[in-house]
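Enquirer: Listed below, chain by chain, are the residues.
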Amino acid sequence: MFSRGSGMEGIGEKAHTTFSRGAGSAKGARMSSVGITQVVFLPQIVPTLMLIAFGTLIIWSASLTIPEASFVRHVVGIVLGLMIAVFIWRYDYRTLANLSTALLVFDALLMLMPRIPGLGYFAMGMTGWVRIPIIGFRFQPSEPAKLVTILLMASLGAQYNGRIESLRDYLKLCGILTIPFLLILTQPDLGTGLIVLVAGASIIICAGAPRSWVLVTIGIVVLGATLVVVTSMTPGLPHVLKQYQLNRLIVFVDPSVDPTGDGYNLTQAKIAVGSGGLLGKGIGNATQSGSGFLPEAHTDFVFALMAEEFGFLGSTVLLGLFGWMLFSTISLAQRVDSPFAKLILVGIVTMWSFQLMQNVGMCIGLMPITGIPLPFVSFGSSSMVAQLMSVGMVQSIWRHRPKAA
Amino acid sequence: MSPIIVIATLLAIVLVALVILVLINRGEARFTFDIGGQAPRASGGADNSSEKGFKTRLTGLSIFSGGILAVLFAKLWSMQLVSVDEYTEQAELNRTRTISTVAPRGRILDRNGVELVTNRPSLVVMASSEVVDDEVTVQHLANVLGMPAVAVRRKIQDQTEGAQSLRTVAVDVSRRVVSYIDEHQYLFDGIHVEERAQRHYPMGSTCAHVLGYTGSPTVEQLKAAEEDTSNWSIAYESGDTIGQAGIEYQYESVLQGVRGEQKVYVDADGNVLDYATSIEAQPGSDIVLTIDSKVQKAAEESLASIIKKIRDKGNSSCDSGSAVCIDVTNGEVIAMASYPTFSPNDFVGGISNDDWEMLSSEEAGNPLMNRAIAGQYPSASTIKPISTFAALNYGIANTKSGYDCTGYWTGFGSQYGQYCWNHDGHGYVNLREGIVYSCDTVFYEIGKGFFLSDNKEGLQETYRRWGLGESCGIDLPAESIGRVPDAEWKWSYFTQADEYARTWQGGDTTNLVIGQGDLLVTPLQMASVYAGIATKGTVHRPHLLRSVSSHAGSGSVMDFKSEVIRKVEEPDDSFEFVQDALKGVIYEESEAQASHFTNMKELVAGKTGTAERTNEEPTGWFVAYVPADNPKYVIASCVERGGYGNECAIYVVRDIMGAIYDEPDTSDAVDTSGVR
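Residue numbers (the numbering used here), protein chains in the order written: chain A, 85 to 489; chain B, 255 to 930.
These aren't lab readings, by the way, just hints derived from the structure by calculation. Positions of the beta carbon are idealized from the N, C-alpha and C atoms, including for glycine. Please note: incorrect hints may appear among the correct ones.
Said to hold, decoys possible - Footprint (simulated), chain B over chain A, 3 or more residues, beta carbon under 8 Å:
#1 374-386
#2 395-403
As the list claims (entries may be wrong) - Partial chain B-side listing against chain A, Cβ under 7 Å, derived:
#3 Arg311
#4 Leu312
#5 Ser316
#6 Ile317
#7 Ile322
#8 Leu326
#9 Ser332
#10 Ser337
#11 Tyr341
#12 Thr342
#13 Leu347
#14 Glu515
#15 Gln516
#16 Lys517
#17 Val518
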């Protein structure tokens, strides 16, 4: 199905001269003293580590009042994630460019894992969890699957060198993207599905899909989505969306419709954020999240907790760190030559941006409620590990960039 | 929520996506470079055109990410900096609750500080609101308390004590039940036991009619309290104790404390995390009554024992009566008794339906009715002193007038003959003797005199001047005003009768002048009238409140100021004439009667009365004041269907005097003359 991409090494050789032309002179002069910048992309790793540190502080404060928010588990997640990130960082990402089929299989495997008897873990209404027998370690495979999907789409998109000429290729790309998307929907996890869809679409667009095709595709998707929503709301017609998913859409428009369920959550989250004010209420003084008015204050609504405790100042710092990290990553994407690397970075940036928008947006009433965690901050090892894997990937791209001889 | 909104939302998202796309593609279009036919697969970055394409697309990505950050930042700015006050207020509303705390009701004391009403601790079972959804616990609790489950559920659902407060399920729960609940706490999740102040009447039924009783506010009372916007209005909650009768009702606003408010911080489940500001509950003020519990007790005991004695003698129709003792110098009510009685304790914590039906039933003799102020009877001969004033005033008679009593009076012709109570006749009697021996013939003549005079209603005018037919204004609810019948009243009252029967006749006047027929008075009114005779016309408003003192013990806050409600103008020698005649009643009318009063130091003046009604035992009256030479107390008693006044009521009055002066009646002589 996929032809192995011809010679990534070759690209590297070519690219290396191009790259060193820009940065070579300055870097070469200070090679020995600032050796670390050669292997670590500091503009991305520094804000990320600061974000993680900030998040750790937030989770620690949440752990004071929320028994489920285990500070130790959060730290364990970070350590585990950093270890995997280091491994990925040292691994040459370029070998992945020729592993499209393997990536697809691995992706599908991850998505289907919760469905495999003996592995799937169902408790307290959670779906999409896997529990590894004997060790008892639980995680959400859909989290690493997001990165795998990005790699898959990047490896496919890179083949066209920035310009997709044939409609067949375009449709093939779109078709491949629907596979992980539909598989995630079976879990069911619409939130993660949307992230995958948006990140994948972003890669396809950046891979050089002509504007008209993209517009038509988006039109079809929107029409389909509308149809799904409308049929789900009309009695008698097949209901694709579950009632709770519909409710989330409804309360997004009018929180008073469901004052005890999702509408309540949204209202409480907004109160938490708004009452934070300029400087916040201080660690441990958050009445909304500390006294149980704000549900899921350490996971989905962690931003609201942060905004309540640290106020507008904290929100600005958080958005600032995200901005720093995102734009550093975009600038890296502009600087690397390999389309594969560019597309990976595009996918990762889109994923982070979209998750940021979704998570913060739902806390402040800009987006409907979905169970999407805030990268690097929300409690939950699966998300933390997956996001740190993405960081490792970004760092691997930096480390394995073509260097001056 | 219509699908249109959903579609609109999605279309908005599409629009944003299109803008981004256009931005990406605009750049690309400018830099289009045809690399010709087949695009090299993964050919790397050496190609300038793709490099340019990527660059613009990455700019688009920057706009996408930057746009997200900008939108989030803007919204956060508006929420956390612009609308912060609004959200802070909502957060504060979320976490604070105001719980009202109960204020103890004021005590009621007698004039010597003896506690008539106080508060006692009571065990109360409370349930938190969510228990209502727990069928098993509700049923279990109902079984333990011996209440229907429906009632338990209704009590838990009652929100009037405040949304966060525990709801009262049962009061006065026994120690046994409480210890069962304590031992099986796991079965009673959300059930709490609390000690609370409950109304207590340590002397039982003593003074019951004066004190009244308490209960939960009725729907009407809750509504009235809500509509009352004055400063002193009390915000009742349905679990509150509110006076429903007597002093408890009359001085509700004094007795009722002001609920305190406790502001608490709660979590999302309503659990109290911390206490914030609180306004202390202000206990109600104590009320000191004019009642002397010793005299009161004697009055009640005497009334009960005399009625029992009469019933034991075979007159089973005698079942009720009343007595009232007033200080003539200031209107203070020293004792006020009514029989049959009840125990206000029955009403504490809510009276059962059965008890209520029994207490309000006709067969039980209306025990809740305070007959001293609400019982209305013909005054009978006790009116004769007032009739005398009228006769003297209007010149119908003078102090020297004399009459011949044959026992049967035919002043309006033989067909309208009327008996004196003494059918043998009193012989020749003067006006004074007419009072002393209660000779009806004397007053028939006076009545006839009025009927034939220009002042046909001179009697009624005089009665009214003395305060009959109107309220005495005592500080108790449900006082009756009695009735002074006149021609106009008779005409409009008997609308069904023929013209002759409706017209005021001479017989009506002769009935009225001896206090029979349609005249109705209350014992309190007669006591007030005799107080006026004793003081030569100065009548104080009878009252029960002596002072109000704050519960904190800071001493008297307010003393009741006695008030003269009536100054009856009669010539001084008329007063002296009547006073002398009333002394004569006590000491001259009959030896047996006198023997009950000669055994005490104080001189007494008074008058018996016997209200007749066909086919019924007569109702006996006695009204007296003491000491006759320097009046201090006036005492009135009326025993329904108790026989002649000197067979029943007179003993009650004497016993009250005995209690006041510590001079018990030692005479057991019985007057058999049958004087009315």
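Enquirer: Now tell me, hint by hint, if it's right for this structure.
Expert: We went through each hint and held it up to the structure:
1. Coverage of the region 374-386 of chain A by chain B holds. Counting CB-CB distances below 8 Å, 3 residues qualify, and the rule asks for three or more.
2. For a cut-off of 8 Å, the count of residues in the region 395-403 of chain A with a CB near a CB of chain B stands at 5, and the three-residue condition holds.
3. Using the Cβ-Cβ criterion of 7 Å, the hint placing Arg311 (chain B) at the interface with chain A is satisfied: the shortest such distance is roughly 4 Å.
4. Given hint, Leu312 (chain B) at the interface with chain A, holds; its Cβ is 5 Å from that chain's nearest Cβ, closer than 7 Å.
5. At about 5 Å, the closest approach between the beta carbon of Ser316 (chain B) and any beta carbon in chain A falls short of 7 Å, and the interface hint on this residue holds.
6. Hint status for Ile317 (chain B): violated, given a least beta-carbon distance of 10 Å to chain A, over 7 Å.
7. Because the smallest distance between the Cβ of Ile322 (chain B) and any Cβ of chain A comes to about 4 Å, under 7 Å, the interface hint for this residue holds.
8. Look at Leu326 (chain B): its Cβ gets to within about 5 Å of chain A, closer than 7 Å, so that hint holds up.
9. About 9 Å separates the beta-carbon of Ser332 (chain B) from the nearest beta-carbon of chain A, more than 7 Å, and the hint is not met.
10. The criterion of a C-beta within 7 Å of any C-beta in chain A is met by Ser337 (chain B), whose closest approach is roughly 6 Å, and the hint holds.
11. The interface hint given for Tyr341 (chain B) holds, since its Cβ lies 3 Å from the closest Cβ of chain A, which is under the 7 Å cut-off.
12. Hint on Thr342 (chain B) holds. Least Cβ distance to chain A is approximately 4 Å, under the 7 Å limit.
13. About 9 Å separates the beta-carbon of Leu347 (chain B) from the nearest beta-carbon of chain A, more than 7 Å, and the hint is not met.
14. Here the hint on Glu515 (chain B) is broken, as its CB sits about 20 Å from the closest CB of chain A, past 7 Å.
15. Interface hint at Gln516 (chain B): violated, since its Cβ lies 18 Å from the closest Cβ of chain A, which is beyond the 7 Å cut-off.
16. Look at Lys517 (chain B): its Cβ only gets to about 14 Å from chain A, farther than 7 Å, so that hint breaks.
17. The criterion of a C-beta within 7 Å of any C-beta in chain A is not met by Val518 (chain B), whose closest approach is roughly 12 Å, and the hint is violated.
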